[in-house]
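All chains, please: the whole structure from these sequences, using the hints.
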Amino acid sequence: MSKKEYEKPVIIRVESGFSKAGVPLPKQRVRKSIGGVSINELVNKYGSPLFVFEEKSIRERYKRAYEAFSTRYPNVEFGWSYKTNYLKAICAVFHQEGAIAEVVSEFEYQKARELGIEGKDIIYNGPYKPYDSLMRAVKEGAKIHIDTFEEINDLERIAKELKKEVPVAIRLNMDTGVYPQWSRFGFNIESGQAMDAVKRIEAGGVLRLNGLHAHIGTFMLDPHAYYVETSKMVQFMNSVETKSGFSIEYIDVGGGFASKNRLKGIYQPPEIVVPSIDDYAEAITSAIYENIHGNRYPKLYLETGRHLIDEAGYLVTSVVASKTLPDSRRSYIVDAGVNLLYTYFWYKFNIELTEEKSGISEPSVINGPLCMNIDVIEDSILLPRLKRGDMLVISPVGAYNVTQWMQFIRYRPRVLMVMEDGSVEIIRESEDLSDIERREKLPKKLEIR
Amino acid sequence: MRLENLAINKNGFAFDPTTGETFTLNETAIKIVELMVKGESEKSIAQKLSEEFEVSSQEAFNDVLDFKERLKLYGLIS
Ligand SMILES: Cc1ncc(COP(=O)(O)O)c(C=O)c1O
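As you go down the protein sequences, you meet chains E and S in turn. For the first sequence, my numbering begins at 1 and goes up steadily by one. For the second sequence, my numbering begins at 1 and goes up steadily by one.
Be a bit skeptical, because a hint or two may be false.
Computed beta-carbon distance windows for the label pairs [claimed, not checked]:
(1) Gly20/S with Gly422/E: 53 to 61 Å
(2) Gly265/E with Gly20/S: 30 to 38 Å
(3) Asn40/E with Lys38/S: 49 to 57 Å
(4) Met406/E with Thr19/S: 21 to 29 Å
Hints in this document: simulated from the structure, not taken from any laboratory. All residues carry an ideal CB built from backbone N, CA and C; glycine is no exception.
Okay, structure coming up:
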């Protein structure tokens, strides 16, 4: 006689009120595949945990965003925000789609050049640009967005040394009605500081201001903030052109569009609170048309990061153990933790099973493998009883995790890309000891043996 | 122990007359409760589970202990 299928024992106290615990989940969230490839197969072949990106989804998101803007304002280009995700394969997909590069450090600048992006197709932002990197960026014709008065001096020194006029842009900050205001970057419009910077650049006589840049924040849920930002930038452009001899060729309104992720503390689903790309595009382009003088339309740049990549990335993790906590919730220990999920600070992720499970759901906590109390991926979720090896898929995780992840306690895992044709590529190998110790040196007298 | 007084129906709904609380149990849980009420040891319960179901006696042993932990937290056993 063959044995019956085993379900781990579950008992749940039925609380009065509206608790759903104790009943089979009305609708289990299940994801069996990514980009058409079975998640079971991915884990069997490549191990667990795994970051998985979907090429098709990245391209579709980019095309959709580009279309939303270009149909309203044709003279537009996107600069891929490297910090959001600078894995080569990810950057390359965006570059193939037509995006230039937006970098904020000499390291990111080197990455873009290494990938084959020309200097003229790099936007160089950030509050600290080491002198050597500025020199390289000037020589290679990058778009340099000045953040401080010191940087004006640095660039003047470079212009004099190279005996050439250097085109530059300045970063602006302003009140867009959104708090916190990102006022520590660039020059403030309302206080007159930004116009001072323009005058300062003009007085120096060796730099030529040709662009204006701003970035008002990240995960911005209010398209109107972009309307205010763009209006103020175009109005500022108008007064620069009246008050100085400079002609502004482009405005760069930065990034910050939200992805369909759920911020902690916001209880409505992202489908309701997150604006569409068309809402953002409408706000920005209508602000240009309404404020422009004459009929010369500057080029528009966008530095959209998370909106383009967050939803194309998944983290697959496996259950390694579970136990009953003293408060009667079940804790699952999984093989990926907050070391890999920097964005857990502010997101409540979508967590899916890879197959339907029968049985009663229980209030559960998902803990990562770190020996730290803060390693909590999800502290309140109803899950059917899972056993070792069962998988969970966490999303959206495509933005800011594979750049801000920590090498802490554990190695960082493989990153895969499911290609448009359904093939699978490893785009970053899992780490081993050599990756971590390569830069270390052990003084002779401390050697053991 | 309150566990003995638990009235469990076939669908796994259980009523505790001493407190008025209700519980939901799955098939495996019902089986374990029945064996516990009969006074069987954890090890022998695990053995029986592994004979009837597709599970090793080692895994079942852990599950029985974990289950008892939950019963304690609910005050059903001490
Ligand atoms: C200057 C600049 N541009 C672009 C971005 C990308 O932002 P997001 O990923 O929110 O679109 C950032 C991120 O903070 C930034 O600082």
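Structure-based check of each hint:
| no. | hint | result |
| --- | --- | --- |
| 1 | Gly20/S with Gly422/E: 53 to 61 Å | holds (56 Å) |
| 2 | Gly265/E with Gly20/S: 30 to 38 Å | holds (36 Å) |
| 3 | Asn40/E with Lys38/S: 49 to 57 Å | violated (40 Å) |
| 4 | Met406/E with Thr19/S: 21 to 29 Å | violated (47 Å) |
In summary, the structure is inconsistent with hints 3, 4 from the numbered list given earlier, while agreeing with the others.
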